[in-house]
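In order, the protein sequence lines correspond to chains W and P.
Going by numbering that gives the first Met the number 0, the first sequence opens with residue 0, and the numbers climb by one from there.
Going by numbering that gives the first Met the number 0, the second sequence opens with residue 0, and the numbers climb by one from there.
If you're looking for bench data, these hints aren't it; they were derived computationally from the structure.
A portion of the hints provided could be inaccurate.
Computed from the model, here is a short list of chain W residues facing chain P with C-beta under 10 Å [unchecked claim]: (1) Met13; (2) Arg68; (3) Pro142; (4) Thr162.
Stretch-level coverage of chain P by chain W, calculated; a stretch enters the list once three of its residues show a Cβ under 8 Å from a Cβ in chain W [said to hold, decoys possible]: (5) 232–243; (6) 551–563.
Negatives, chain P to chain W, calculated, CB over 12 Å [stated by the list, open to error]: (7) Val61; (8) Leu66; (9) Glu156; (10) Gly184; (11) Thr359; (12) Gly529; (13) Arg584; (14) Thr595; (15) Lys612.
Glycine included, every Cβ here is placed at the ideal spot set by N, Cα and C.
Next come the chains, spelled out residue by residue.
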Amino acid sequence: MGLIRDLSIQISQMLAVLLLAPLLTGFIRKAKARLLRRQGPRLLQPYFDLVKLVRKEAVVAQSASWLFRVAPYIIFATTWVAASLVPTFATGLLFNWSADLIAITALLGSARFFLALAGMDVGTSFGGLGSSREMMFATLAEPALIMIVFTLALIARSTQLSTVAGFMLSPAVGLRVSLALALIALVIVAIAENARIPVDNPSTHLELTMVHEAMVLEYSGRHLAMIELSSQLKLLLYISLIACVFVPWGLAPVAAGFSAHAIGAAAYVGKLAGAGFLLALFETTVAKMRVFRVPDFIGVALMLALLATLLRFMSRGL
Amino acid sequence: MPPAGFLLGDAALLALGAMAIVLGRGRSASAFLYSGALIVSLLLFGAALSRLVTAAEPSTLVLPIGLPWVGAHFRIDALASFFLSVVNFGAASASLYALGYGRREHEPSRVLPFFPAFLAGMNLVLIADDAYSFLVSWEFMSLASWALVMAHHREDENLRAGLVYIVMASIGTFALLLAFGLLAGPGGHYAFAQMRADAPSPLVAATVLGLVLVGAGSKAGLVPLHVWLPLAHPAAPSHVSALMSGVMTKVAVYGFIRVVFDLLGPIDWWWGIPVMVVGAATAVIGVLFALVQTDLKRVLAYSTIENIGVVFVALGLSLVFMANGFSVAAALAMTAALFHVLNHALFKSLLFFGAGAVLTSTGERDMGKLGGLLNLMPATGLFMLVGCAAISALPPLNGFVSEWLVFQAILLSPSLLSWALKLLIPAAGAMLALAAALAGACFVRAFGIAFLGRPRSSAAENAVEVDRFSLTAMGALAVLCLLAGIFPGQVIDALTPVVRDLTGANLVSQSAIPWVSIAPVAESRSSYNGLLVFFFIGMSALLAAYVVHRLASRAIRRAPAWDCGFPDASPLTQYSPDSFSQPIRRVYGNFAFRATERLDMPPPGELRPARFKVEMVDIAWEVFYAPVIGGVNRLATWFNRMQFLTIRQYLSLVFGALVFLLLVLASWA
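Could you put the whole structure together from the sequences, leaning on the hints where they help?
The following block contains the structure:
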């Protein structure tokens, strides 16, 4: 009985992240447009875009290798697996023990690895530009994320995300300096990793400012759809991660009943909407940075996360 | 198989080397020799692995050769069996690879005799059980590899590499000699068994630790003793580069573990600190330099330095935990170190084989002249991709598992009491995370530039796939990278006897955990399941591809690249290795390589080309190497004068020396 319940939670979680991810992106676009006093596209526009892309024929550059055609599926798969292991509305995921937070970080690293390779595959200067800059950002963002994981793991005494979320729900957490630092660092990493303003602009096609868009420039049709869906999933993943660690309220505990799960789902949708609105608000108020300012920005996250880890090593209370 | 069997195998290898001199040049000589080496290494590998898996008791052998009254002691315990397995597996794969690769060697008589001798040397180091045979084997290994580095001695660069290598190898051996001298004590107990029995005083032990860090560290490539490594490893033929980087550095790690964990007696609390500091610095500096190299083999050599750094951080953690009485944590760190040793042997050999295949088929090592090889060499490209992903620690491959284990060990350290350690260990963890991220960038760059994009030269355009022997060797290693990643529990269990010998504790048996997960400390803390991650990624990728192809469109149209509407005609407008690493060079440039960029832009109207030049300096070279080399040169010039004295001066020198020695002898008593 327990197995069936856990399995159904796991499967519904996998489907939920997949179905909600485009909606989140649509919501952020809509909110951003309204903040700028524009009408903006429909809320469901990302779904229509994906369907349209999937049905078109894919145009592949003549110099592209097989990697170019395989990479979108690998990127999608690794991101999806990572996203389905982050608790969204319940902590009792069946497969949560198969990969901990370090593994989730590394799965996102795999997706980035293949995305950067795909950017270089056609052999254009823009692709190389995007890959090179993306990897440069990653050299700072990834250690920052690992340090955040360390901080959380040292507080919850486990790198399993379900255990961490369960611990955050318990009254033993309290207010901690290290948690505050980790939160700021995680938000910065999330902005950088999802190619949002001020690090990158998701809606730019101005050549010299592109990073993420430069890598996927040559993609079209179903391949592009897969990549778009993966970036939407990744955004959802980071918001879920922040939500389940720092705002875990409403998360259904292990072996809870149906009503707890329903509350969890409602709370999750609420958290997504709140985070999406905050992101849209943030993006409308800041300007994009120069590329070589970005390392300083992500470097702040790395330093804060390292500081948080050091605090945890120094004292159990902070 | 007892030590006698291993000695027999080594003798067979030496005999093969001698035969190679007799057989001389010719294609059959190469095939005969490499297949011989392959068979012997496979036998030795099988014997060592069976000893490791069955957790055989240590067995010893004393031969009446070597120093009088001491004899030559040989012993195989769990630690030696593990390293024997790694070394002989690497040797077997290199021999298999060389069956194809070695045919194109243009100076076979400079390679063939030394190759089996090199293998025998490494094997002998691992089974030696007294200082004398250890040092003789160590030096034999160094000299044989030096001869292989000098195989293509007509290139100036190789000559320089050979010189630096032999100087560094001598310094390393000298440091080890002093270390063993201190361990042997005034009584001259050269056998390891006696060294193990009597613990040296703290001061002596600390000195020995420093000397071993220099001796074994210089061979392994620890910063700042690393500078010879990226010169020497790429200079050798590629299968030898693979052996030097993938395997010989492991023999150095073995030397360190043998002396520090086995012979040196009780561990002081601070021993782990220098080891960890040096390891973390090595990891970051190694990978930063790997990121800015344009020579494919040199990228791999610098990345070896990084991986050795990771191993030493784990060893340092293990020392710290042992000294503080956390034996399970020490066992975890040691498991991580040994697992990484195995992983690095697998993927670094694979990558060097791939670089060798590229070299064979294009004649180029400069990445700026490669590109687009994935279309022309699909199998090599696929195996290289696996190797690059594994070394970048991507799940579900093996590199991730050892990194995960190191991180888990770091997370156990807040329970330590020392404040210095509490500050140091998180910093080391941050350095490791940084090194891992940089390694990802490094191998995206290496694979992306060499194998993807459009060919940057006609050599790359006309590349063809390499022979079947080379492909088999690479394929086997790639499969093993995957297997070790998805069944890590089995590897950890096989390492248990080694870890128990060294740290006195062992992790819980991983095979007892359901669903082939690994949970090194306790299930409640953290677990990882490579098989399931692999299965999920594979299933979701296939499912997505199936759904999209089935329900939506499967049409493909080939067209010219779009590139924002301005497709560039020349392949030279692609990102080059230098331009790829430019952002990283600018971010990390100042503190790591003191990069200076000089741009010479002619004013409008002038016809000379614009030039852009980047210069990078390895600080270690200036601080440590230049003085040593300068000193050796000055000393040599000074001694050179001794050659041209008159007979009277020689006689007076001899007389003076005799009087001096007699005086010393007289005052001694």
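For each hint, the structure was consulted:
1. Met13: Interface hint status for Met13 of chain W: holds (9 Å vs cutoff 10 Å).
2. Arg68: For Arg68 of chain W, the interface hint holds, since the closest Cβ of chain P sits about 8 Å away, which is under 10 Å.
3. Pro142: Nearest chain P Cβ about 4 Å off; hint holds.
4. Thr162: Holds: closest Cβ of chain P sits about 7 Å from Thr162 of chain W, inside 10 Å.
5. 232–243: Our answer is that it is violated, as 0 residues pass the Cβ test (under 8 Å) against chain W, missing three.
6. 551–563: The restraint on the stretch 551–563 of chain P holds, since 12 of its residues have a Cβ under 8 Å from chain W and three suffice.
7. Val61: holds (48 Å)
8. Leu66: Holds: least Cβ distance 50 Å, greater than 12 Å.
9. Glu156: Glu156 of chain P is indeed farther than 12 Å from all Cβ atoms of chain W, at 28 Å.
10. Gly184: holds (40 Å)
11. Thr359: Non-interface label on Thr359 of chain P holds, nearest chain W Cβ at 20 Å vs cutoff 12 Å.
12. Gly529: violated (9 Å)
13. Arg584: violated (10 Å)
14. Thr595: Label holds. Min Cβ-Cβ 17 Å, cutoff 12 Å.
15. Lys612: holds (20 Å)
Hints 5, 12, 13, counting from the list given before, are not met by this structure.
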